[in-house]
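Trainee: Each chain is listed here by its residues.
2 protein chains.
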Amino acid sequence: MTNSPVSDTRTAVPSLTPLLSLVEADMVRVNATIRERMDSKVPLIPQLAGHLIASGGKRMRPMMTIAGAMMTGAPPDQRAPAILLSTAVEFIHSATLLHDDVIDESALRRGQDTANALWGNDAAVLVGDFLFARAFELMVESGDIRVLGRLSAASAQITEGEIRQMGITGQPDTAVDEYLDVIAGKTAVLFAAAAAAGAEISGGSPELVAAMHDYGMQLGMAFQIMDDALDYTADADAMGKNAGDDFADQKITLPTILAWQDGDEDERAFWQRTLGDADFTDGDLATAQTLLARHDAIDRAILRAQAFAESACNAIAPFTADPQTGALASALAEAARFAALRTS
Amino acid sequence: MTNSPVSDTRTAVPSLTPLLSLVEADMVRVNATIRERMDSKVPLIPQLAGHLIASGGKRMRPMMTIAGAMMTGAPPDQRAPAILLSTAVEFIHSATLLHDDVIDESALRRGQDTANALWGNDAAVLVGDFLFARAFELMVESGDIRVLGRLSAASAQITEGEIRQMGITGQPDTAVDEYLDVIAGKTAVLFAAAAAAGAEISGGSPELVAAMHDYGMQLGMAFQIMDDALDYTADADAMGKNAGDDFADQKITLPTILAWQDGDEDERAFWQRTLGDADFTDGDLATAQTLLARHDAIDRAILRAQAFAESACNAIAPFTADPQTGALASALAEAARFAALRTS
Chain Z
1 MTNSPVSDTR TAVPSLTPLL SLVEADMVRV NATIRERMDS KVPLIPQLAG HLIASGGKRM
61 RPMMTIAGAM MTGAPPDQRA PAILLSTAVE FIHSATLLHD DVIDESALRR GQDTANALWG
121 NDAAVLVGDF LFARAFELMV ESGDIRVLGR LSAASAQITE GEIRQMGITG QPDTAVDEYL
181 DVIAGKTAVL FAAAAAAGAE ISGGSPELVA AMHDYGMQLG MAFQIMDDAL DYTADADAMG
241 KNAGDDFADQ KITLPTILAW QDGDEDERAF WQRTLGDADF TDGDLATAQT LLARHDAIDR
301 AILRAQAFAE SACNAIAPFT ADPQTGALAS ALAEAARFAA LRTS
Chain L
345 MTNSPVSDTR TAVPSLTPLL SLVEADMVRV NATIRERMDS KVPLIPQLAG HLIASGGKRM
405 RPMMTIAGAM MTGAPPDQRA PAILLSTAVE FIHSATLLHD DVIDESALRR GQDTANALWG
465 NDAAVLVGDF LFARAFELMV ESGDIRVLGR LSAASAQITE GEIRQMGITG QPDTAVDEYL
525 DVIAGKTAVL FAAAAAAGAE ISGGSPELVA AMHDYGMQLG MAFQIMDDAL DYTADADAMG
585 KNAGDDFADQ KITLPTILAW QDGDEDERAF WQRTLGDADF TDGDLATAQT LLARHDAIDR
645 AILRAQAFAE SACNAIAPFT ADPQTGALAS ALAEAARFAA LRTS
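Chains as they are written, first to last, in the working numbering: chain Z, 1 to 344; chain L, 345 to 688.
Be aware that one or more of the hints could be misleading.
[Said to hold, decoys possible] One side only, chain L facing chain Z, incomplete, derived with CB under 7 angstroms:
1. Leu388
2. Asp466
3. Phe474
4. Ala477
5. Arg478
6. Glu481
7. Val484
8. Ile489
9. Gly493
10. Ala497
11. Ser499
12. Glu504
13. Arg508
No wet-lab data here; the hints were simulated from the structure. For each residue, glycine too, the CB sits at the ideal point set by N, CA and C.
Throw the hints in and build the complete structure from the sequences for me.
Mentor: And the structure:
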């Protein structure tokens with residue numbers, strides 16, 4: 001990697017490294033704040049929350065807030081409110097993960113036992129509620145009611161997205177647009193609000209705030225489509241979850257929608273029996289993968305993700321020429337392209 | 345009742361009626377706002393939330409916010425922010441009820457099937473999350489970051505209280521002080537924050553805000569102790585839940601703690617087998633009721649609730665002499681005494 005002569009050229013394989021380097025110092029502060037603010041006099045809370053939060057995750061959402069703040073040119077000592085917001089964003093995301101795992105009855109996340117598997121659904125629901133409330137305390141502390149508005153609206157939209165996802169679960173004939181609406185709500189709005197809030201609380205111009213919102217939205221769409229596409233290809237090591245989890249959960253995602261649309265009568269009967277009626281037998285996942293390959297459904301989904309990634313790049317393109325913001329804007333563009341790379 | 349010649353004297357049986365009359369016009373506005381703001385483009389949300397919220401409930405918490413606002417003397421046309429906050433308080437409370445019913449696996453609340461029984465745990469968790477997020481949107485709209493701070497801190501404390509309640513579940517030797525701490529968190533802090541927030545957002549003096557906070561706290565304690573005590577005496581018609589629900593759920597409440605403390609070896613073995621080990625047989629609830637009666641545990645718990653109710657009265661006593669606030673303060677005092685009346 002370090003010996004690669006093309007690693008700095010525009011045609012190199014996109015990497016997350018430039019963005020990670022730029023936000024690294026602030027993310028150290030965010031991680032310290034996460035540990036500090038998940039604490040409670042009730043020991044179960046830091047235990048359970050720590051298990052989830054310390055288990056890794058890419059911290060993409062809090063990174064959006066930091067990037068938004070840094071894009072304004074605010075110096076590090078004026079980014080304390082953004083650090084609090086960034087922590088709040090990770091807590092909101094963690095709360096939704098805890099509740100998702102309860103709802104999906106998941107036993108494995110990021111390669112580890114889920115909190116609900118270890119501590120029970122009751123504790124996972126309540127600690128999720130705690131993290132959500134604590135997120136709002138952090139936002140209040142950050143002192144800007146505009147960002148509270150952004151993030152509370154995003155939180156409501158996330159749950160609307162999750163409920164709509166429940167609604168399309170087991171419906172293999174779901175339309176692409178409906179799927180896109182669902183993932184916009186359950187995933188992309190938080191990326192968007194996180195990025196915009198970081199810029200807004202750090203005194204960014206309305207143009208920058210709007211650009212970061214748009215960037216986050218498009219990146220979030222790319223991110224979720226890739227997550228859904230790779231569920232049929234990745235192994236547990238790479239994804240931290242098992243390939244085919246979505247299939248077993250009857251989740252309707254872009255690859256299955258495309259395969260349904262192009263499928264003949266027999267293929268649709270297969271999708272209806274499995275995704276529709278949860279009547280699974282051995283070998284069904286392999287059959288699903290065969291059908292997805294027959295219609296190029298994974299690759300076509302990834303192309304769609306790449307189109308969203310390009311839209312994300314376009315959203316911040318006006319800032320790449322500015323000497324103040326150019327390096328970070330270019331790193332954000334590269335991160336968006338990285339998010340839509342096929343990784344298995 | 346209408347013929348009773350003593351109904352207006354100080355020694356009459358306390359009633360909620362005077363308070364209800366004074367807040368009635370605002371509560372009509374609150375109820376309209378509740379219906380309006382639980383709406384969503386996702387039909388399941390108003391269906392499920394409406395089932396819970398329309399099923400009644402005493403609306404005690406939002407009433408606290410309205411009373412706090414009215415105590416400031418703010419005229420009706422300046423109480424719009426308090427109406428929003430009051431709605432937010434009911435949504436926070438409703439969210440905790442939805443999640444509680446999931447956790448307790450309750451099938452009946454207020455005499456009706458629970459939301460989780462009708463729509464499933466998944467939907468109840470997510471709609472609870474939605475109401476919580478929507479509550480914060482309403483608070484943002486109310487425009488005062490101080491009340492956001494109060495209500496977000498209260499929300500975090502509620503979940504801490506609920507988690508601590510999980511921790512003492514099945515522990516019949518729990519200390520009274522620990523029980524009081526638990527109910528302060530899970531119940532009283534929301535009454536306190538609701539009452540204080542109503543006064544604060546309507547321009548109340550620091551003294552009034554503090555008094556309403558204290559009033560709400562003490563009233564909330566009385567309210568929860570009574571709820572716990574009556575669980576062993578009420579029938580489903582009066583309580584909207586079944587007598588002995590707490591017993592079956594291994595919940596440790598003030599009556600059981602008092603009976604444990606005064607119990608002999610055989611009695612403690614009974615509480616350990618039932619509340620401790622969930623090894624129930626027919627007739628156990630009747631035995632529990634007999635043991636509670638032997639030690640006067642229900643009546644002693646009610647006396648404790650009455651002491652909290654008197655503390656609530658004391659908290660607002662300075663305002664009963666003021667011609668501007670006297671009628672409402674007296675009605676609040678009477679409501680506190682009503683909350684600690686034995687009703688079965």
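Trainee: Are the hints correct? Go through all of them and say.
Mentor: Taking the hints in turn, this is what the structure says about them:
1. Leu388: Since the shortest Cβ distance to chain Z is 6 angstroms, the answer is holds.
2. Asp466: Where the cut-off is 7 angstroms and the nearest Cβ of chain Z is about 4 angstroms from Asp466 (chain L), the hint holds.
3. Phe474: holds (4 angstroms)
4. Ala477: holds (4 angstroms)
5. Arg478: With Cβ-Cβ at 5 angstroms, under 7 angstroms, it holds.
6. Glu481: holds (5 angstroms)
7. Val484: holds (4 angstroms)
8. Ile489: Ile489 (chain L) check passes; min Cβ-Cβ to chain Z is 5 angstroms, inside 7 angstroms.
9. Gly493: Because about 4 angstroms separates Gly493 (chain L) from the closest Cβ in chain Z, which is inside the 7 angstroms limit, the hint holds.
10. Ala497: With a minimum Cβ separation of about 6 angstroms from chain Z (threshold 7 angstroms), the hint on Ala497 (chain L) holds.
11. Ser499: Holds, about 4 angstroms.
12. Glu504: holds (5 angstroms)
13. Arg508: Holds, about 6 angstroms.
Consistency note: the structure conflicts with none of the earlier hints.
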